[in-house]
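Based on these hints, arrange chains B, C and D on the given structure of chain A.
Chains A, B, C and D are the protein sequences, given in the same order.
Just so we're aligned: 322 in the working numbering is position 322 of the first sequence, and the numbers increase by one with no gaps anywhere.
Just so we're aligned: 181 in the working numbering is position 181 of the second sequence, and the numbers increase by one with no gaps anywhere.
Just so we're aligned: 201 in the working numbering is position 201 of the third sequence, and the numbers increase by one with no gaps anywhere.
Just so we're aligned: 221 in the working numbering is position 221 of the fourth sequence, and the numbers increase by one with no gaps anywhere.
Rather than coming from a laboratory, the hints here were simulated on the basis of the structure.
Treat each hint with caution, since some may be false.
Identical copies carry no separate label here, and so any pair may be met within one copy or between two of them.
Said to hold, decoys possible - Simulated pairs of lysine-lysine, DSS-like, Cα-Cα distance not exceeding 30 Å:
no., residue 1, residue 2
1, LYS276, LYS67
2, LYS93, LYS202
3, LYS148, LYS78
4, LYS24, LYS50
5, LYS335, LYS276
6, LYS93, LYS327
7, LYS276, LYS78
8, LYS195, LYS148
9, LYS93, LYS335
10, LYS50, LYS195
Number of protein chains: 4
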Amino acid sequence: MLVVMRPHASDAEIARVIEMIQSKGLTPHPLPGATRTAIGMTGNTIAVGKDAFEVLPGVEEAIRVTKPYKLASREMKKDDTLVHTAMGDIGLKNFTMIAGPCSVEDEATTMKTAEFLLSRGIRFMRAGAFKPRTSPYSFQGLGLEGLKLLAKARETTGIGIVTELMDVEHAAAVEEASDIIQIGTRNMQNFSLLKRVGLCRKPVLLKRGMCATLEEWLMAAEYIMAGGNYDVILCERGVRTFSDHSRNTLDLSVIPPAKVLTHLPIFVDPSHGTGKRQYVAPMALASMAAGADGLMIEAHPDPDHALSDSSQTVDFHTLDEMLGQLKQLAVIMNKQM
Amino acid sequence: MLVVMRPHASDAEIARVIEMIQSKGLTPHPLPGATRTAIGMTGNTIAVGKDAFEVLPGVEEAIRVTKPYKLASREMKKDDTLVHTAMGDIGLKNFTMIAGPCSVEDEATTMKTAEFLLSRGIRFMRAGAFKPRTSPYSFQGLGLEGLKLLAKARETTGIGIVTELMDVEHAAAVEEASDIIQIGTRNMQNFSLLKRVGLCRKPVLLKRGMCATLEEWLMAAEYIMAGGNYDVILCERGVRTFSDHSRNTLDLSVIPPAKVLTHLPIFVDPSHGTGKRQYVAPMALASMAAGADGLMIEAHPDPDHALSDSSQTVDFHTLDEMLGQLKQLAVIMNKQM
Amino acid sequence: MLVVMRPHASDAEIARVIEMIQSKGLTPHPLPGATRTAIGMTGNTIAVGKDAFEVLPGVEEAIRVTKPYKLASREMKKDDTLVHTAMGDIGLKNFTMIAGPCSVEDEATTMKTAEFLLSRGIRFMRAGAFKPRTSPYSFQGLGLEGLKLLAKARETTGIGIVTELMDVEHAAAVEEASDIIQIGTRNMQNFSLLKRVGLCRKPVLLKRGMCATLEEWLMAAEYIMAGGNYDVILCERGVRTFSDHSRNTLDLSVIPPAKVLTHLPIFVDPSHGTGKRQYVAPMALASMAAGADGLMIEAHPDPDHALSDSSQTVDFHTLDEMLGQLKQLAVIMNKQM
Amino acid sequence: MLVVMRPHASDAEIARVIEMIQSKGLTPHPLPGATRTAIGMTGNTIAVGKDAFEVLPGVEEAIRVTKPYKLASREMKKDDTLVHTAMGDIGLKNFTMIAGPCSVEDEATTMKTAEFLLSRGIRFMRAGAFKPRTSPYSFQGLGLEGLKLLAKARETTGIGIVTELMDVEHAAAVEEASDIIQIGTRNMQNFSLLKRVGLCRKPVLLKRGMCATLEEWLMAAEYIMAGGNYDVILCERGVRTFSDHSRNTLDLSVIPPAKVLTHLPIFVDPSHGTGKRQYVAPMALASMAAGADGLMIEAHPDPDHALSDSSQTVDFHTLDEMLGQLKQLAVIMNKQM
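Next up, chain A with everything else stripped away, as it sits in the complex (with noise of 0.2 Å):
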């Protein structure tokens, strides 16, 4: 349910639905508008009448919600997020890019990112310290002395921080070395995990999962928001299907269903959409041209020789390319990037 107060309620009023809220063992979620106050609020809500909220002074409307997330569903939330960052604002006019490597790899090659990322605007660099990777055999990221190669680099170049978390144990050292939480595609529905986050006091980049429906990417979604973090960012990075002419099959088409579901930004990671880095700068204009509100790109100095992920990697001459199409692009989407 969201009770929605009259343009110009008191404080008193708003912290009267708070106090009647926490009366009948739900939690309030106070969601502060342009015009006016809105007030979620989540917890087992079926046996509570609207009048009970109606009657209050200051109070427009009681509005049930219907769909089973709450806090990301448009209807609790008319206006598009804008999620803060020290490095900018993501969201409704901005278009915001994300790219560096797959993995942090020694502190070269992050320095030599972030200053190209910099020096062309990029205000935000991936990186992963922590790996998910299928084999145990694997490479699994330099961990703890990657996400002090990221703190550096940000330290010395002012480049915001996009890096990985996979689990809870490590959540307050990602918390502090990055300014955007990543949640990868196979943890989705780690629930502890995303409990974890929601607890957190960074926006959270949250991946589809493999194979989530619209609907259980909303709900993990929910469970961040749930938490008291409300800034999630959605991220789709391909599903899994039949098709095998690339690593995942891009779901474009997600965008503008989850645009009229949902107020949250949605981003697109075309490197893990398609697998292969001379499908990443057609799979990035189409994302923007569908409506995205930023892209996560792998680019790397020499892609080459990365540690990982190195047949999607893009060059930085190549991200140089796709910049210049998408700034073109950004003028028609009345965008700014």
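Frame of chain A, contents of chains B, C and D only:
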């Protein structure tokens, strides 16, 4: 195998290569190019050596085609195929729109649609006279009567006709009434039908099967081309996956690999791909951004009262807006429309 | 709608119901049962009331069929369909084996196989004269010559023939040569072909499409039945998924819901389902355990030299062992074979 | 690589091989067999030659394992793994039943179920204390309180406990309370969790991921085994496909190839596989016929009032009938239950 002639090979030299191919029990396929001719051959080429051809006068080289599809392969033909029709060429720098109702309904709707399309510079109208319906009790299309209405619209307005052929029985009638013969997704591996349209002298728009791999799709094109009809246009229309937010999963990521593997033009049908009219425009734009050569859109003067596919059919106003956006994007993509 | 007659309704009473159905522009389908007759009707029944029938003499009740398939639905016909052939009945308590080579190859192989099968009590031989091949350059079957070899085998040995029909053109010839007409997976929604076999007077074995839902499959059966041919046998043969350990994903879990929704017998083809000969026997056994009414097995005297589908074809020794196991299981499952 | 010792190799000879493996920076995994010992090794073995081992005394041969999974591979270990538990062995000739409610609910239901199962010779009870629920607002299980109820049931009745572990945090508690630790489908590639249970000294039942290939599944098992826990039981529970007649598509056809590729036992969970209680029994029977080593069935004294998974949970009477059929089939399949 493909025999590439020297730039100024004489007709006699070409004739001698063709004769040699026939003498080995194979079928020659002369493929004239801008600067020189190549001659493909199909049949059981396993025991045929390259030397037999490379010693002939005027021959530059003989190349084995490694893919199971031969005539459809870019190994066989490097340059993009330009499909010629009376209403203009398809492929290469052209971006071609096909629009119209799911089914031919009546003369008024047909004429109104044709006139609207032409007024907007769209030279091809789609409309089904024969409809593949899941239920035997649903409207099955107007049949031959529908073809007559289409023929009349073409005669009166000059619009090009794209209409579906469902069986060998009606091949001659559909070929006569149409400018492009459509083969539907459910018939992509109806090999008897593919062989039949291989004998037609009109281009064939070949929709991808609901769960066809790219290779199977190109093999279906090969069936048509092996019969002597080289004017095949591929059309992605969504594949079937677990994903339930749209009627099908529109696989735009098939476009870049298709462009690598084949010289045939590729279209997208975002109407069937999404199944919902509000998602057609963003996916149309994304299709062009991903590299498509054209679009097939279900449009109707009054979609809510269309006899079939109402929920995925756009009205003329929406089509108009879509065209505006596409034309802007065409400039960036270096396409003419 | 279904009109159920009283147990001893007279022929005149039944005739009157049929007449009433026809007078409303609908098609009657008399369905004689053990104790009483029911009369289904198809066409646009939306505006037809039950009362018009329930007031007629001899009528017990009129029932609306809620499923989109009518004649195929268990709502319309409660008792399992028993398909009659000259070589015995299919369905109900019978467990029926169909075995033989992928393609008709030559007289010797055909006769040898027929004799072996009959010596083991198997009364139906499968073998394709018309072959749907992915490549136009692959062996396409012996065609009419193949049908002649099958006819000869039937005449000489008395074996029942199951062979595929690929197009309307050869419908009469295949109907003549076969005891059961097979419709292949790629033609499950070739509606023109389905309508044609609806006019045949031989049972039709309808393979499930590669990505057909159970409802679409039953709708395809409905196409055949709506034409007047009620003897449809369903055949599961694996669907297409992401899973890559077998050629297709054999969906045995479709059997129990099929048994609930339809009265038609259901077979399984574990040869195409698995694509590997060593997995055929365990999946054959599992098929019977899941409730199948029969099996279709690719078997050949010398599988390694079979002209097609070699890797999924078992030899006679393996078939023999499989039969031994199946017969043991049949006792538990209360099936006769 | 695998070093196979001669039949009567001495302890000192075995120790020397282990030492040699360690000296190369690799991890030795001694695998005692009926007649002789083999020693697997994992780590980066690319640069390690076979000769270094084959010259050692007592060594028969060194074999390269070609699959990406090593310890899970039948190349590494030819004989079927027999998993030992206090309640009996799993695998080989044994067919093992696990049954019980989706969630631990209360003491009465837990005890009643345990007693019923034991009265029918079923020695393992399943019940989740930690539940992975799609919605954060759904019942999340009784947690540690639930584990206490399970511990009490084990103590009182002697039933073996199978319960799910969802995160590293509760690993010790779940290991303590259970006889078999379950890893759920959503955590199949939660690599941090897999590494943690690799350190447990209880067998692990590893459910297949919703869209995991057989290879990915075996790689997940490898993660557990690489940590030193070799007692992994695979459990098929349905994969996600386009098919909509059941909650998931139960992939029984994975059993025969799994038996070829790995020595680990494989179970089937037809409750989650079908999602509907009336389909559980036929698919249970089919699982055994396809070669499964055991079943995991959701059963409850009053399924209609179960706190979760009600629609796929059978009552005790149905379970009883199922057992009767399974016991008959076990005789044919040469299995003990």
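Verification of the hints:
{"no.": "1", "hint": "LYS276 to LYS67", "in the structure": "between (37 Å within a copy, 19 Å between copies)"}
{"no.": "2", "hint": "LYS93 to LYS202", "in the structure": "within (21 Å within a copy, 46 Å between copies)"}
{"no.": "3", "hint": "LYS148 to LYS78", "in the structure": "neither (39 Å within a copy, 45 Å between copies)"}
{"no.": "4", "hint": "LYS24 to LYS50", "in the structure": "within (13 Å within a copy, 51 Å between copies)"}
{"no.": "5", "hint": "LYS335 to LYS276", "in the structure": "both (27 Å within a copy, 25 Å between copies)"}
{"no.": "6", "hint": "LYS93 to LYS327", "in the structure": "both (13 Å within a copy, 22 Å between copies)"}
{"no.": "7", "hint": "LYS276 to LYS78", "in the structure": "between (37 Å within a copy, 21 Å between copies)"}
{"no.": "8", "hint": "LYS195 to LYS148", "in the structure": "both (25 Å within a copy, 24 Å between copies)"}
{"no.": "9", "hint": "LYS93 to LYS335", "in the structure": "both (5 Å within a copy, 27 Å between copies)"}
{"no.": "10", "hint": "LYS50 to LYS195", "in the structure": "within (29 Å within a copy, 48 Å between copies)"}
In summary, the one numbered hint that this structure violates is 3.
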